[in-house]
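S.K.: So the sequences go chain by chain: A and B. Under our numbering, the residues of the first sequence are numbered 1 to 533, in order. Under our numbering, the residues of the second sequence are numbered 1001 to 1276, in order.
One thing to keep in mind: the hints can contain errors.
Label pairs and their computed distance ranges (CB to CB) [stated by the list, open to error]:
| hint | chain 1 | residue 1 | chain 2 | residue 2 | range |
| --- | --- | --- | --- | --- | --- |
| 1 | B | L1021 | A | E21 | 34 to 44 Å |
| 2 | B | L1021 | A | L285 | 56 to 66 Å |
| 3 | B | F1117 | A | L285 | 24 to 34 Å |
| 4 | B | E1105 | A | Q58 | 50 to 60 Å |
| 5 | A | A72 | B | V1235 | 55 to 65 Å |
| 6 | A | P282 | B | L1021 | 54 to 64 Å |
| 7 | A | G332 | B | G1159 | 57 to 67 Å |
| 8 | A | E148 | B | L1021 | 46 to 56 Å |
| 9 | B | G1110 | A | E198 | 17 to 27 Å |
| 10 | A | G401 | B | L1251 | 53 to 63 Å |
| 11 | B | T1162 | A | G401 | 27 to 37 Å |
| 12 | B | D1112 | A | G401 | 22 to 32 Å |
| 13 | A | H463 | B | L1021 | 26 to 36 Å |
| 14 | B | G1159 | A | G401 | 29 to 39 Å |
It is worth saying that the hints were derived from the structure and are not from the lab. Beta carbons: idealized from backbone N, C-alpha and C, even for Gly.
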Amino acid sequence: MTLLRLDRLSVRIGAAPVLSEVSLALEPGETLGLVGESGSGKSMTALALMGLLPLGAQAAGRVEFEGQDLLALRERDLCRVRGARIGMIFQEPMTALNPMKTIGAQVAETLTTHGAATRAAALEIARARLDRVGLPADRFGLGLYPHELSGGQRQRVCIALAIALRPALLIADEPTTALDVTTQAQILDLLQALVAEERMALLLITHDLAVVAGRTGRVAVMQAGRLVESGPTEQVFRAPGAAYTSALFAASAHVPRRAPAAQGAPLLEVAQVRRDYVLARPAPLAPHPVLRAVDEVSFTLHRGESLGLVGESGCGKSTLTRAILGLDPVQGGTIRLAGAPVSPAMPRAMRAGMQAVFQDPYGSFDPRWRVERLVAEPFHLLPARPADWRARVAAALAEVGLRPEDARRHIHEFSGGQRQRIAIARALITRPALIVLDEAVSALDVRVRAQVLDLLAALQDSHGLSYLFVSHDLGVVRAITGRVMVMQAGRIVEAGPTDRVLSAPEHPYTRSLLAAAPRLPGRASPGVRPTAP
Amino acid sequence: MKTRRMRPGLALGAALSLAALLLALLSLVWTPHDIGALDIAGKLRGPSAAHWLGTDHFGRDVASMLMAGARTSIAVAVVAVGIGMALGVPLGLIAAAGAGGWLDEIIMRGNDLIFAFPSLVIAILITAVFGPSALNAILAIGIFNIPVFARVARGGALGLWTLDYIRAARVAGKGTARISAEHILPNIANLLIVQGTIQFSLGILAEAGLSYVGLGAQPPTASWGRMLAEAQTMVTLAPHVALFPGLAIVLTVLGLNLLGDGLRDALDPRGRGRQA
């Protein structure tokens, strides 16, 4: 019997259609990857079938689950299905758990809410489930609070919560997007094992084709609220039927055309830099413990070069970036930009030589300012705002592929990709020699990411820019950098030409990063070329 | 830009607040009767053509007293909120900019100190030293607005300081004070406006309360709180004398709260909270 059948499911919010006639079927124990870019309707599909649509959204069609139409159920009956028969895991493990309750209580709550167990029995089952998701009793007691766990561990708790009642269907909405590559691989392995073991069906929703590769039996591709293609994963990957799917594949593996970097004079010289954080005293009058976030890091970035800095969250790359931008003081060593020392007190004219693009296209702009004022903000670094500042803003917008009229609009009128273009325009406005790109394309969809990478490559050629490209994404680093450094626990463990480091890594940590990176089979995979045995 | 339709709540709130303000301003130049004119023979009359809202126990015109009372209430609340904002918001911004540092610690513990005293106790203290007057009521209410605004400003600012656009402003070489003024303050303005209208209505209530116990405006200054206090003993005899000042307080406070909520939504360029 088919477990889940979506029959021409449509959703509209007001008059705007969000989903158009999506039909899908899922057998018990089957795994399906639902892939699409942001706004394609993949998450809306999951919410619609759980009956969790946002206010004002209306669903039409049929959602048949275990023989009953979920769309026709009342809220009270839906509550019996949710959590019990359908479990769900969300993207953000930091906010999916209640910070005020212990992990044991939260897993047990699912069981007691559905009347499946008494409180004592529920805690016992919770213990067993937490053991199963890789949080053993000796290190992870039921009394722990979410803030005492890492992101990966929290996601494991979310999984334990979702599978507590052994649901027939598990929906995972971008379960690993917020996690590091090595953690991502572990969580995906865990999901796969659980599904096989418990004969659960899995609906894995992701924007990343490589995550689905080799992990789900079938894959469905969505675009703009429609299903454009579905079929066995291998077949879709080998010979995509829809042009859109091919475009996604091409964008995932996209490498911008770059002129070979001419080795210029040293621009940024980092020598034995140390960054320490003073932590809270463990006891009154005890000395403050010190966390060394950046430990004796040295490197040189030449004019016209793009240098990658790769590492997982917490490795110190953001701390190092802040020191390089002169936002925080260093506790040891020196940073020099074009020969002059970098520090929080450095003169404005010097800051104008170095700008930055940050990760979050939504948080990078003051929502109350118009684009022209946002882009012109770095003019603060000049002795006076140039008289032709409007013309220069228009020119910068044109350079990043936006229209001059866009200057008068507010930032919320732009998409994520357009916002990153505006961020690049802002970074270009003072004609800096160095741009620090801190995860600048991580939040973008693959096709938009490919466009922004092309733009960065073109700007580098035309302006002779140098990039320091900070990222956790090996594929992006491979595409845009000539040299790469790998950072772990505050130290640079490996550095060298990008091709060499990513194809023949020497340090075990680099190897583990490469092994964990999801890859597209049968194509020039983003991170890795198979190493010769 | 789409045409903006005014939300009904905002419109009603603005209308009520504006009505109170206009009546207060009008009382400066004209009231139906002189509020100082006593008419013992015509005391405690119900509403009539001559006295629209009746007369009180001295035969004074209630409508005229209400208009003059609005002036007292609004003046006290405006100045008290002004004191709170002018001192509290900069303190909150300074505390947020140096979060975790000694300055933050001093400011916030000072806040706690003021919070620890009931406002009425301080008002009595001030009154005991300087004598009861509307000015002292303003001071007492104003001082207690400072920690409220400092907390709201600090709380709102703390969340903003972690955002990328603040980092971008720092990369653009802007200092703490400039970022606080250009980026932080406009983005917490909606919080402050909402808190401002709440404090404004609380100020009106506080002034009424202080006047009610005799610590606020002194006769012959008209005040809604004192009108209520004087009407208390006669409420069974002439309910209208207590009813109208009570209604005036309720409607003004309601209007201000609606206005605050409406403004918060209307001031947001993202149009968050816009109804479909």
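S.K.: Hints first: check each against the structure and report whether it holds.
M.R.: Results for each hint:
The given range of 34 to 44 Å is broken by L1021 (chain B) and E21 (chain A), whose C-beta atoms sit roughly 56 Å from each other. Here the CB-CB span from L1021 (chain B) to L285 (chain A) is close to 58 Å, well matched to the stated 56 to 66 Å. Between F1117 (chain B) and L285 (chain A) the beta carbon distance is about 32 Å. The supplied range of 24 to 34 Å therefore holds. Separated by about 53 Å at the C-beta atoms, E1105 (chain B) and Q58 (chain A) satisfy the suggested range of 50 to 60 Å.
Distance hint for A72 (chain A) and V1235 (chain B): a CB-CB separation of about 58 Å, consistent with the stated range 55 to 65 Å. Look at P282 (chain A) against L1021 (chain B): about 57 Å separates their beta carbons, and that is inside 54 to 64 Å. For G332 (chain A) and G1159 (chain B), the hinted distance range of 57 to 67 Å is not satisfied, since their beta carbons lie about 32 Å from each other. In this structure the supplied range 46 to 56 Å holds for E148 (chain A) paired with L1021 (chain B), their Cβ-Cβ distance being about 54 Å.
For G1110 (chain B) paired with E198 (chain A), a C-beta distance near 58 Å fails the hint of 17 to 27 Å. For the pair G401 (chain A) and L1251 (chain B), the supplied restraint of 53 to 63 Å holds, since their beta-carbon distance comes to about 55 Å. Taken as a hint, the range 27 to 37 Å holds for the pair T1162 (chain B) and G401 (chain A), whose Cβ atoms sit roughly 30 Å apart. Between D1112 (chain B) and G401 (chain A) the C-beta distance comes to about 53 Å, which lies outside the given range of 22 to 32 Å.
The hinted window of 26 to 36 Å between H463 (chain A) and L1021 (chain B) is violated, with their beta carbons roughly 57 Å apart. The hint said 29 to 39 Å for the Cβ distance between G1159 (chain B) and G401 (chain A), and at roughly 32 Å that hint holds.
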